[in-house]
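With chain F fixed as given, assemble chains D and E onto it according to the hints.
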Amino acid sequence: MTVEKQAGSPGNQTEKLMTGTQAVAQAVRLADVDVTAAYPIRPYDGVMQAVAKLIADGDLDAEYIVAEGEHSQFEICKHASAVGSRVFVGSSGVGWMYAMESLAVTPTLRLPVVAMIGNRALDDPGAFGVEHNDAMAVRDLGWQLFWVEDAQECFDATLMAYRVGEDSRVSFPVGLGVDGAFITHSQTLLKIPDQEMVDEFLPPYDLGDRLLHPDNPISIAPQANEDWVMEIRKQTDDAAHRVKDVIREAHADFRRIFGRGGGNPFFEEYMTEDADYVLFGMGSLGLPAKVMVRRLRDQGQKVGFVRLKWFRPFPDEELAEVLTRFKAVGIVDRDYSYGSPKQGGVLFTDLRAALYDSEVRPKLVNFIGGLGGRELTPEMMDDMADTTRRAAEGESVPTVRWIGVRE
Amino acid sequence: MTTGREAGDTLRADQDTQQGQTSTEVREEAKSVEFTYRGIFQKTLAANLCKHVVMAARKRDWLGSTIQRYSDSPERNGIPAKQFAVIAPDTETLEGHMAKYEPNELDVITCLDDTMADGIESWAWYGRQPINVRLRQGGTLLVISNRSKEELLRVIPRKPWDWTLAILPGTPSLAGLWVYRDDGTDMRVLGAIAKSRPDIFGIEDIESVIRDDDSLGDDYVAALKSGHDEVVVHEIAAGEGAEDTYEPVKLPGYKEMREAIIVPAVEVGKKNPNYSSSSDRTMRPVVNFDTCIKCRQCWIDCPDECFDITDEELHPINYSYCTGCGICAQVCPVEDCIVMVNDLEFVEEGDKDMFPLYKENREAYQEWREEKVAKGRIQHHDYFNADTWAWAGGSQAENTPDRNDRAARNA
Amino acid sequence: MTMAPGRALKLDPIKSIKKAPEEEYYQSGHRTCQGCLSALPMRLMAKAAGPRTIVLGTTGCMYVANTTYMSTPWVVPWMHTQLGAAGSAAVGTSAGLKALMRKGKMKDEPINVIAFCGDGGGADMGLAAISAALTDVEYNLLIFLYDNESYANTDIQTSGQTPWGAVTTFSPPGKKHRIMQRRWKKNVPGMLAAGHPDTKYIASGTPAIPVDMMDKVRAALSAGGPTYMHVLDPCPKGWHYDPEHSTELGKLAIETGIYPLYEVKEGVCNYTGTTRQIAQGKRQRKPVREYLEKQGRFAHFKNQDFAYFQKKVDEMWEQWIIPGVVSFSYGGPINITGETAKIRNNNVERTNASWIGDRPGHAHEEFVDDGLAREWLDDNALGDPSAGN
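Just so you know, the sequences run in chain order F, D and E. In case it helps, my numbering puts the first sequence at residues 34 to 440. In case it helps, my numbering puts the second sequence at residues 105 to 515. In case it helps, my numbering puts the third sequence at residues 5 to 393.
So that you can see chain F by itself, here it is in the shape it has in the complex:
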């Protein structure tokens, strides 16, 4: 749980006990979402159940459409967004994959759809436990991606997603990675602000002269060819370059209004000040990681943990500045990337690329673990910490290792 001791008045916030999906639903309510489309798949769909109840009880005024498949679900929301409605949508695992065509076109249309991905292993086999490959599959396409640690962050990140995505300098869809089971299905304490505070943080959704409406004569997305596509992609690229500054602004506002959010918008540093080596990862594995850090610190180890929040845009410079202070970084990938360089995970590959230009580079070791929802136990965390320590001390260790697999 993110325990914040921040300066500044946190205003009028109510403490609640909720699952991650219910927390997202609360943010959807306070964001006054206009249209949502639902389709059942575990473990994300608790959010849609919660939203349905909010609408039925009159706590949220929104159109609620049950689609006949994820492709339609996401198309419905994309088009509602195009006519000016603030939308919310979500899926998990292969459901997210079923929507892939819609996921590909939404960022190039620059529509700020906000989606919750209840991270779930991809079929086959059908398994409902957490893996990050589902949300990661859109990482090249223009989706902004944020991974949360607990219910509070579920709530906070949803508001942040609307604020950043809808900013006219950005106008990108935003996906929230919410670990299946550990975050979607466990209840933790969080503070819910009142409508006034949210309204101060989140302006109304305004598409300006991109609105699809009879008073605005435009054609959106005519067919194009090699004469046009590079320019269209370059516009998207320019916008992708602008996201980080918009995140910094929004984050500063968020801290001021709600009194939390951490010092760094892009990642969290835990006990890293004097660390020799750190572990690095996203999502709920931050919790066993921090427990491990405290345990090893008690034993005299100078270990820390860095939890990545914004995976896209990838905070390469910011991470380089921080991570080059350490002798080794143990990257925990709750995902796989068969056939990639070193057959390492996605975070490992991205981080290696981010650090390539640094003059002083820490040793990077990669752990593939926790796939399909397998718990990352204290023993596994210690094992990963130990390997990272040995790398920090100059020992030769395997670059990529799968953790906790029965032989």
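Read the hints as simulated data drawn from the structure, not as lab findings. Cβ coordinates follow ideal geometry from the N, Cα and C atoms, glycine included. Just so you know, nobody snuck in bad clues.
Below, simulated DSS-like cross-link-like pairs (lysine-lysine); rule was C-alpha separation at most 30 Å, straight line:
no.: 1; chain 1: E; residue 1: LYS180; chain 2: D; residue 2: LYS155
no.: 2; chain 1: F; residue 1: LYS267; chain 2: D; residue 2: LYS359
no.: 3; chain 1: E; residue 1: LYS14; chain 2: D; residue 2: LYS374
no.: 4; chain 1: E; residue 1: LYS111; chain 2: D; residue 2: LYS374
no.: 5; chain 1: E; residue 1: LYS269; chain 2: E; residue 2: LYS19
no.: 6; chain 1: D; residue 1: LYS398; chain 2: D; residue 2: LYS479
no.: 7; chain 1: D; residue 1: LYS374; chain 2: E; residue 2: LYS23
no.: 8; chain 1: D; residue 1: LYS463; chain 2: E; residue 2: LYS22
no.: 9; chain 1: E; residue 1: LYS109; chain 2: E; residue 2: LYS14
no.: 10; chain 1: E; residue 1: LYS23; chain 2: D; residue 2: LYS463
no.: 11; chain 1: F; residue 1: LYS86; chain 2: E; residue 2: LYS107
no.: 12; chain 1: E; residue 1: LYS23; chain 2: D; residue 2: LYS398
no.: 13; chain 1: E; residue 1: LYS22; chain 2: D; residue 2: LYS374
no.: 14; chain 1: E; residue 1: LYS14; chain 2: D; residue 2: LYS398
no.: 15; chain 1: E; residue 1: LYS22; chain 2: D; residue 2: LYS456
no.: 16; chain 1: D; residue 1: LYS374; chain 2: E; residue 2: LYS19
no.: 17; chain 1: E; residue 1: LYS306; chain 2: E; residue 2: LYS290
no.: 18; chain 1: F; residue 1: LYS267; chain 2: D; residue 2: LYS204
no.: 19; chain 1: D; residue 1: LYS398; chain 2: E; residue 2: LYS19
no.: 20; chain 1: E; residue 1: LYS255; chain 2: D; residue 2: LYS398
no.: 21; chain 1: E; residue 1: LYS179; chain 2: D; residue 2: LYS155
no.: 22; chain 1: D; residue 1: LYS359; chain 2: F; residue 2: LYS277
no.: 23; chain 1: F; residue 1: LYS224; chain 2: E; residue 2: LYS107
no.: 24; chain 1: D; residue 1: LYS354; chain 2: F; residue 2: LYS267
no.: 25; chain 1: F; residue 1: LYS86; chain 2: E; residue 2: LYS111
no.: 26; chain 1: D; residue 1: LYS398; chain 2: E; residue 2: LYS22
Computed spacing ranges between beta-carbons, pair by pair:
no.: 27; chain 1: D; residue 1: GLY242; chain 2: E; residue 2: LYS22; range: 58 to 64 Å
no.: 28; chain 1: F; residue 1: GLY405; chain 2: E; residue 2: ARG186; range: 43 to 49 Å
no.: 29; chain 1: E; residue 1: ARG186; chain 2: F; residue 2: PRO73; range: 36 to 42 Å
no.: 30; chain 1: E; residue 1: LYS180; chain 2: F; residue 2: ASP156; range: 36 to 42 Å
no.: 31; chain 1: D; residue 1: PRO356; chain 2: F; residue 2: ARG330; range: 55 to 61 Å
no.: 32; chain 1: E; residue 1: LYS109; chain 2: F; residue 2: GLU440; range: 56 to 62 Å
no.: 33; chain 1: E; residue 1: TRP321; chain 2: D; residue 2: VAL353; range: 53 to 59 Å
no.: 34; chain 1: F; residue 1: SER201; chain 2: D; residue 2: GLU199; range: 45 to 51 Å
Chain E residues, not near chain F, derived (Cβ > 12 Å throughout):
no.: 35; residue: ALA198
no.: 36; residue: GLY277
no.: 37; residue: LYS286
no.: 38; residue: ALA311
no.: 39; residue: GLU319
no.: 40; residue: PHE371
Chains D and E alone, transformed into the frame defined by chain F:
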């Protein structure tokens, strides 16, 4: 399509042809042959022609490749399209011409329907391009036409250097996707190329290809020879021809373009300013406003929104967009009120609206109209080329029994 | 009070060419084939709908050939959507407008929402989404399917709407198999009408009969709730015929009875135009051969193929419970109320409990129990013959 290469540019030394050297001179470099044709109607014809260029080159131990111009795809009925055959003496030379949408320069441009001689607009933004826009210095434009050199040069723009115009007498051979019109046009064109450009291939090369193919018989050789004998090759001097008014396109940069793939809608009462469909035409409708009964059938049935409705309730035609489909002439209930006329009869008129002439001087208009109809009237077309058929996807002369006898086929 | 876009602009029927509005909302400058009768329905649909319209266009000929190379022929606002997404795009657009109008974030006014799709994207890939849209009675929208009987934009491949035996690039005749396309065209408007009884308007038309088509568009837009139209579009490229014959072939498809014109309006099916005359016995169906032999895509047909095709069309007219619309025949009487079933009786009064009130989807709130419902009996009681079942 590229934006770098503009018509009339001089070439850099490292580009695929040699500056200052004319097309027929240099033997050992690549040769590029273009077939410009009516989309869909002549698609198979163009493909057959491209294939035979390469196969003829093989007889001289050259290599070759054919290119369908990707941006033409999907082809549409009547919209001008291009296919290319590139031949080269060796692999390295040929490679210089690969991974492109079309050759930068053509040694031979073959225009398979002379109503494209006045220019072609294949897609938006590029405007109507001259038929010979990428002809190489000293190159050959071959046109299938019954018109004279002088008539054609009224619409084909001049070049700052010499080139040749080869005219193969004939009418365009038009078919469709499924049934090929196996009327010998392909062989005649190959014969004409062999005669006018023996540096590309000789008639004996094609004849050898024909003999290799069991399914092609003596009538193909006869067609080949007739094309070879009948083509007339004219030397065209620098500066001879129509004025070249083509402005190369300037496409907007990404900072000028609106974000999020948005273009402004067409204004009320206007038409798409970036694309004119007029070069699709082989024929155009001419209206007798005196016999018109103002039923509006032509207006409502036009798929291209070309008819206006005037204060007098008459229906003039916007020729900037008329594609010459012929539907209006078919649905008009008054005989000969709308008549289709060969489009090359209107070189002076261009795409001009002729209704103002009618309003100003009825008699002059009727005189004009009658002259056009007399010179270039097109009869109604049959449904499809059922008279000749061979499967478009199969070999060129795939013979089924009783090929031309439908009754026997259906026995 | 419902705030719904397309809160029935109440467009009047056009009835004659002279009365057709002159304004064009889809204009010249599209890269379609000569004689394209898929472009003509775009024009007529936009003309009938008028300027207060948003159009969603799925990928297909009417995308690639219309909004071609970063240009557009559309005067009304238009947005691209994905191949199988006509249904979802229509729902999303309509729901988005409805929410904003209800919540006071946008001026409340009727706006037509039309999503078009080809037979490939609509009748094949996107059928599920169209079906779902037709159950979403709270949204006013029209799904407009232009049927040129192939995946035309990719250079003509077989779709679920390609006629039996037709040549496409996926069904070329060859030495071993003359007939490669051996599926009969599925009946989409009839299927949708039969399966979505709450839809107020489903129709079949063709641009070859333009006033009828435009009137059907207006009826759909005025009906309220989700609606569907299917139009048959002769395609000179895919069907292989000279473009000048497009209108004629469209009419011939109807005169042979191959393609019926009808509308299902508030639960009642009626034929229109020539089809009505055929149904009433006032006109004989022309032999299918007259239509098929004019097209190169049937050039390989032999007598037996024409005969087979004719038989299928004859069966459709002679055996289907509603010829051309509902395909199964009827096995026997039903006797619920003691009267004989009224299937073909013009005087059947049709009611639909979901249409009462003025809030689509909320009719149940106004429904009054008329006291005729039977008392609920549990399993034990139901099993007992003496329990008065």
